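Chains as they are written, first to last, in numbering that gives the first Met the number 0: chain A, 0 to 639; chain C, 0 to 510; chain V, 0 to 105; chain W, 0 to 497.
Don't read these hints as lab results, they were simulated from the structure.
Bear in mind the structure is a predicted one, so any value in this text is a computation, not a measurement.
Worth double-checking, as some hints may not be accurate.
Derived SDA-like pairs (lysine to any residue); straight-line CA-CA distance at most 25 Å [as the list claims (entries may be wrong)]:
1. W/K444 / W/D362
2. C/K458 / A/P260
3. A/K201 / A/Q550
4. W/K149 / V/I73
5. A/K606 / V/N101
6. W/K99 / V/T94
7. W/K149 / V/T94
8. W/K149 / W/D26
9. W/K99 / W/K149
10. C/K386 / A/G88
11. A/K561 / A/Q550
12. A/K201 / A/P260
13. C/K386 / A/E490
Cβ pair distances, simulated, as ranges [stated by the list, open to error]:
14. A/W142 / C/A483: 54 to 60 Å
15. C/D460 / A/W142: 55 to 61 Å
16. C/G426 / A/G478: 47 to 53 Å
Even for Gly, the Cβ is constructed at its ideal location relative to N, Cα and C.
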Amino acid sequence: MIEYAWLIPVFPFLAFLLIGLLPKRTLLWENGAGYAIAGAGGALVGGPEFTWLIIGDYEVTFGLWVDQLTAVMLVVISVVGTLVVVYSGGYMHEEGVGRRRYYAEIMLFISVMYGLVISDNYLQMFIFWELVGLCSYLLIGFWYEKPSAASAAKRAFIVTRVGDIMFMAGIIILLKYAGTLNFEELFAQHPQISAAGGPISKEMLTLATLMIFGGAVGKSAQFPLHEWLPDAMEGPTTVSALIHAATMVKAGVYLTARSYPLLIQTPDSLLVVAIIGGVTALLAATVALVATDIKRVLAYSTISQLGYMILALGAGGWLVIEGNEAGGYAAAMFHLMNHGFFKALLFLCAGSVIHAVGTNDMRLMGGLKKHMPITSITMLIGAIAIAGIPPLSGFWSKDEVLAAVYSSGEFHAVFFVLWAMGVATAFLTAFYMFRMWFMTFSGEQRSEYHAHESPKLMTVPLMILAVLALTSGFALFIGSGFDSFLEGSIEDLGHFEVLEPGELAVEIFTDPLTYVSIAVAVVGILIAYRIYFMAGFDRSVFGRGVSGWFQKTLENRWYISKFYDDFAYKGVYGLSLEADLFDRYVIDGIVNGFSYLGANTGNVMRKAQSGNVQRYASLIVLGMVLLIVFMLYILPWGGW
Amino acid sequence: MFEQIPIISIIILLPLMGAVVTFLLGKYGSYAKYVALAFSAAALVLSLLLVFDYQLDPDPTATGYHEGNGWFDYQFYESYTWIESLGITYIVGLDGISLPLFVLTTLLSTLSILFSWDTKTRPKAYFGLMLILEVGVLGVFTTLDYFVFYVFWEVVLIPMYFMIGIWGGPNKDYAAIKFFIYTHVASLALLVGIMAMYFQVYVETGATSFAMEDVWRAGHTDFARTFQIAIFGATFFGFGVKLPMVPFHTWLPDAHVEAPTAGSVLLAGLLLKMGGYGIIRISIPTLPEGAEALQLLMAAIALASILYGALVCLAQRDLKKMVAYSSISHMGFVLLGYATLTSVGATAGVFQMFAHGLVTAVLFMMCGVVQHHCGTRIIQSLGGLTKKMPTASAMMTMGFLASLGLPGLVSFAAEFMVLASMFSTWGLWLFLPILSVAITAAYYLWALQRSMFGPLTTKIDTSKVHDISWYEGVPVAVLLVLIAIFGVFPAVIFDYINPAVDIALRLFGGG
Amino acid sequence: MIPIEYWVIFSSLLFCIGAYGVITRRNAIVVLMCIEIMLNAANINLVAFSAYHTTLHGVADTSGQVFALFSIAIAAAEVAVGLAIILSVYRRYQTIDVDKINILRW
Amino acid sequence: MDIWNEVGWLLPQLILILFVLLLPAMDYLFRNDKRPLAWITLVPLLTLSALVVSWLFFGEGSFAASKVPYMQVDAFSGLFMLVFLVVGIVVVLSSPEFIKKDKNQGEYYALILLAITGMTVVAEAVDLIALFVGLEIAGISSFALAGFRKSEKRSSEAATKYFIIGGFSSALTLFSISLFYGVAGTTNIAAIAGELAAPSAWITESQPMLLLALVLLIAGLGFKIAMVPFHMWAPDVYEGAPTPISGLLAAASKKMGFAALFRVFLIGVLAVKTDWEVVIGAMAIITMTVGNLIAVSQTNIKRMLAYSSVAQAGYIMIALPVGTEYALAGGMFHILTHAFMKSGAFMVVAAMGVVMIGEKLDDFKGLNKRSPFLAFAMTIFLLSLAGIPPLAGFASKFVLFSSAVYTSLDPGPSWLIWLAIAGVLNSALSLYYYARVIKYMYMDKGPEETVKVPPMTAAAIVFALAMVFIIGLFPDQFVSVCQDAAGAFPGLPFGGPE
């Protein structure tokens with residue numbers, strides 16, 4: 000069975016080819032696409048291998064690598080992918096002919112995303128890594144006539160490419176020292192790889208892992224390369240749900256998790272990972288507080304949650320090294336899965352709202368509850384899940400993340416700080432999610448629109464996702480538990496102690512930290528309720544004094560975006576203009592100077608040719624005199 | 000299959016005959032394109048057959064196979080004495096380095112001729128010159144005698160001069176003469192280098208031969224170090240200007256901006272490759288100590304070309320000029336690969352030439368399409384063209400993506416390998432060239448955003464703009480398919496290139 | 000016997016006078032005459048060196064004198080052609096002032 | 000036939016002189032159509048060149064050895080003779096149409112033959128007396144030829160200038176010869192070398208005189224080859240003279256100067272260690288550079304070609320300081336190819352004159368439309384002059400420059416490489432103005448009406464064109480003949496590959 004895993008990406012790819020290249024516009028693209036994914040999702044690992052490239056002694060072979068980590072990703076991609084394609088049937092209905100391009104690109108994306116997670120070496124992964132970036136680019140720019148969409152697509156690609164080149168540098172470093180990029184061969188060398196006398200020095204390995212993590216920073220929108228994700232919301236909401244919430248942005252987390260055998264040899268890198276995760280989580284959550292665009296709130300929320308996962312991985316690495324525990328690692332992937340479901344749900348709900356209202360601006364919504372009951376309820380479920388209220392899925396995973404970070408504080412004090420930031424983030428998350436829900440669904444209608452519930456094609460996927468958001472947390476207790484399942488993928492790294500599901504439940508509910516996180520979530524919801532649901536709160540206080548300054552900063556996204564714009568336009572573009580001028584006037588100027596000399600010296604010299612024959616004769620005499628002088632004086636002086 | 004036939008000479012002669020026929024058409028000038036297409040297509044078909052006949056693991060005893068003994072292993076080897084008194088022999092042969100470029104030449108020539116299907120002004124001359132250009136380039140890639148090499152090398156200049164000068168844009172006079180003289184100066188440096196090598200061989204061994212192999216045998220171990228450095232400098236300058244390398248690149252943007260599309264395609268697709276080919280075929284194997292001494296210079300120039308070229312691209316307003324500067328940047332990768340003097344790097348360099356040939360042809364063709372349909376290539380005047388020309392837009396997007404090194408398309412493998420070899424040679428200097436990957440993405444996507452996406456432009460009359468014509472679409476489509484195929488299966492070509500490069504670099508100890 | 004140097008100095012002076020005349024005189028006929036003076040300066044040299052040959056080189060040699068005869072003949076031909084040319088120039092320009100004959104320049 | 004035995008070695012000159020005497024008389028035979036005169040003129044030229052070719056290239060029927068110590072028949076003189084004869088053929092072929100309306104056509108052809116006679120004498124001269132006589136025969140005939148169009152102001156002016164400077168230069172040459180005679184006591188070039196090699200007290204004492212003689216000789220012969228700064232007459236004369244005559248001057252008369260220069264310097268003055276290599280080398284570089292630089296700014300094609308031949312003289316001069324057999328062969332090879340391409344280019348201009356197009360650069364605009372043949376021929380000649388392979392000019396420049404490279408490598412002096420580099424850079428510079436003419440012909444718009452090139456002129460051009468291609472593609476034979484010719488000079492180091 001497992002040898003047919005290569006078929007997973009092939010089906011969607013065939014769908015892509017069919018949709019993209021068949022001339023007739025048939026229904027095939029909608030239904031066929033859905034079925035293709037369903038079929039592919041059903042298929043499950045080594046398959047055909049072929050040599051892609053030979054770099055010196057290393058043969059880059061395309062192969063398959065499927066383990067528990069991959070399985071988690073496959074589940075998320077298949078489920079969310081299928082549902083999003085079905086949902087698109089309703090959501091993109093008005094696009095007409097453009098749907099063909101849409102479905103082709105979506106299919107291509109799903110195909111290469113599968114390819115990414117089943118790759119068995121870094122280079123193959125990098126190839127798919129770039130290709131998902133390409134699909135993201137194409138889909139963000141789906142409405143290319145909108146200048147903002149075209150611009151956002153470009154930004155997304157370029158910013159993630161900055162991460163990608165770091166990833167590439169990391170791969171190159173590994174290739175040189177380890178001589179292979181194959182996961183199996185690379186990880187089999189653990190832990191000798193960086194030991195004294197090993198192929199790679201500690202410093203180089205740290206650099207390599209940091210560079211690889213740099214790829215994750217770009218793709219998973221971590222600080223400081225996170226600003227492309229909110230901009231990417233210019234694409235269709237389905238795209239945001241699939242690519243920018245559930246799957247592609249998780250690729251960075253997946254990459255970090257995949258590189259665990261390398262990362263845990265370099266605690267310094269892990270520390271960087273954890274700090275970047277923590278900072279990102281908090282930073283993005285603060286911006287989400289003031290965002291008024293419903294999709295941007297979700298985008299910042301996504302960044303923040305990705306920060307959680309990265310934080311968990313970073314902290315989890317220390318747990319693996321010092322505590323022989325894989326809790327953080329499992330927590331991150333668990334959160335990844337849960338987040339995939341509830342965030343896709345939230346995005347699709349937002350899409351449903353936007354579909355009905357025709358705007359993204361929450362200030363123009365309100366009171367939608369009565370028009371769109373299914374959407375409002377499913378979205379509420381999503382919001383509760385992300386806020387971390389038990390027993391919905393978000394609670395379980397977020398709690399595991401925070402617990403892991405807290406317990407790694409034992410080994411490095413900075414993790415306590417990061418834990419505190421995580422808790423603060425949990426509070427903020429609960430607050431802004433409910434702010435969003437209240438602003439959208441409760442209260443009075445704030446502008447003219449004729450909203451109605453979305454068609455079945457859209458609401459059914461919402462309901463399915465809502466069920467998953469409600470229940471996926473319980474995966475923790477199925478069989479021998481999610482953690483022990485996932486630990487299978489890093490079992491080589493050491494022997495881990497795994498709790499039985501029952502013991503785990505007991506541990507969770509006897510730990511005071513659990514109640515801390517529940518408490519902050521509830522408080523967050525209540526504050527949002529006070530401010531955005533109950534009447535009579537004067538929100539203008541936020542605009543004054545210190546909080547006014549703070550709000551302005553947040554509205555400007557901590558000026559990070561502006562900084563990048565300035566850097567790009569004034570810095571790089573300015574430099575390029577200078578370079579262009581330099582090229583035109585200095586380098587080419589020298590060339591033209593020579594040609595000017597060549598073309599015009601003659602103009603001066605030929606004036607000597609006055610037409611007067613006696614002038615010529617005197618020049619002959621002068622020439623002879625010069626010759627004599629030359630022979631008698633200059634030559635001996637020159638040493639001849 | 001071709002053991003008994005002088006197949007390479009036939010392939011070189013085909014376009015020449017085509018050119019003669021074309022010029023003799025008289026008042027039937029409008030049929031020139033059919034003649035040109037027929038002859039170039041015939042050359043293409045033969046060259047493809049030749050690929051299948053090429054032995055990856057040659058049987059040394061078979062006829063037609065030239066026993067290399069450390070020089071290159073050539074197949075389809077032919078040799079005829081030309082000028083006996085000077086030791087000039089017409090020798091042709093193909094190995095893994097020249098074969099891809101050879102096929103690229105026949106391919107791009109055929110496609111360019113098809114692309115120029117609606118040329119109305121002086122078609123006889125136009126298609127005739129294209130064929131002569133093909134002859135010159137084919138000669139450069141196959142000849143194994145310095146003198147003949149130089150002859151073909153110079154023959155290439157003239158048709159290109161005419162193509163720019165007659166069918167060029169508004170500033171064609173300046174561009175044509177600049178191209179002609181600038182590259183001619185470089186050729187002359189090469190000529191001096193060739194003469195010096197020829198005589199040095201005579202001084203040392205008493206043999207008079209312009210055959211590359213003889214010069215190599217006499218020279219690669221025995222030439223004095225200072226001599227090697229000087230001559231490497233001369234030939235490197237000669238080849239480098241063609242490449243082109245910063246700061247001797249300024250002829251290129253001017254030539255491209257003014258040249259007709261097919262001319263640009265051949266210029267960037269083939270002529271630039273001649274420079275890269277010369278370095279790996281002549282400079283490095285024959286003058287190894289020179290190469291070693293000037294290794295850092297090569298690397299510095301390559302880095303400058305890569306980064307500076309990319310940076311200047313960002314500032315361009317003319318789509319075609321941008322693509323032209325991007326060629327400088329991408330050919331910098333070729334040079335960087337060579338500069339490492341490792342098997343990996345040089346193999347990647349050769350592959351990058353092949354890849355760039357395919358990709359840049361697409362880009363220039365798309366610039367031509369835009370020019371043809373919209374009447375301008377100024378990026379600021381364009382916008383939203385996807386609405387009017389969706390197919391063209393898709394093709395252009397794919398071309399740009401291929402050029403910015405998207406994995407799965409042909410350039411990526413080459414660039415990756417160049418960077419990898421760069422790292423093994425110079426360590427963390429890697430971060431300089433790798434930076435250009437981001438800049439490259441930036442200028443391409445920005446240009447795409449401003450020209451193809453966004454609202455439809457109002458600065459030009461778009462009422463008559465329609466999608467790509469068939470004769471423009473077919474060549475681009477063919478190239479895009481090849482770009483995708485070789486992007487997914489790059490090893491196919493590496494199998495050809497790598498053994499030959501290993502021979503070229505065998506003096507440099509390992510890959 | 001007069002030292003050979005005297006002859007050489009004399010002929011050189013003559014030669015310089017001729018050259019000076021060619022460069023400065025405006026009249027084409029005078030220029031022509033000055034060229035003749037220069038040729039004759041050379042002839043004097045030839046004859047003188049021939050006459051002093053025994054003194055200078057130990058053997059007699061008359062080829063210098065023969066040469067002088069040749070050059071006199073050549074000078075005559077030159078004068079003939081020269082006068083014809085000056086005549087035709089005079090027809091076209093109505094002057095033989097060499098300063099004024101300068102259509103062809105630059 | 001005792002008499003015949005005595006004068007057999009003078010056969011070429013005798014034949015030419017015979018026709019020189021016949022032609023003016025013939026003028027009266029052909030009252031209306033004077034073209035047969037050209038055919039008659041071609042008789043000796045073709046016969047003699049056939050003889051020379053069979054002698055030089057196929058080793059059949061060598062010429063009788065000279066009976067006098069003044070002249071010597073060898074491969075060197077044979078090759079130069081061939082050059083003069085061939086240029087004569089080209090010039091004569093394109094003349095009848097050009098001078099159709101002129102009077103005194105018999106004299107015209109007679110003078111051409113006489114000039115060629117003088118040149119052949121120079122080619123064979125091994126004695127300064129013969130050399131001078133030859134120079135003057137050729138010189139005086141060409142003064143007259145330059146002024147052949149008496150009705151034209153420019154022609155008369157050209158003749159005047161040519162005559163004044165020519166006379167002045169021959170005075171310089173003669174004075175120089177007289178000094179050589181005085182110092183060395185002989186006029187035989189080889190004997191002079193012998194004397195100077197083993198200087199007597201007198202020679203040691205008269206070094207200043209020798210220096211003066213040398214400088215005067217450089218100036219006198221420099222005038223013939225249009226070496227800077229003795230070149231000033233050339234553009235004026237080439238422009239003013241009838242175009243075929245400009246061709247004769249540029250392609251043949253200048254080569255005569257080189258024949259003299261090679262003989263005198265490589266045989267005679269080799270022993271005078273006044274370091275003249277450096278001087279000639281510097282002058283070669285100056286000559287080519289100045290010629291090319293001024294050529295760039297010309298607007299008249301004949302002037303442009305004149306400056307271009309100044310520059311070509313600079314290239315050929317490279318052979319002198321290098322001073323090896325191989326260099327000399329290169330120099331002569333370039334002389335040979337230059338004869339074809341430069342005379343060819345002038346004949347194209349002549350043809351344009353015949354069909355009333357004019358000789359300004361602007362007149363070339365759109366020439367391709369008017370006469371594709373002329374445009375193509377001109378393009379090939381110009382590209383060949385610029386040294387673009389596979390044309391003749393490339394082959395000869397290659398041999399020439401490579402001799403400098405070779406000698407600089409072994410045995411030196413190494414500065415010689417700068418001659419090659421200067422030559423190479425100048426070739427690039429020259430491409431600028433050649434390419435501009437090509438641009439005018441093919442890329443610019445001009446008058447549209449087509450013109451018909453007269454058949455004889457066309458034949459001349461086709462002949463030159465064919466030779467440019469043949470020499471370019473199969474230089475083997477020509478190089479070896481040039482090497483044979485250079486081999487006629489005793490005592491030169493070989494300096495090149497066997």
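- Of all the hints given earlier, name the ones this structure violates by number, lowest first. 2, 3, 6, 13, 14 and 15
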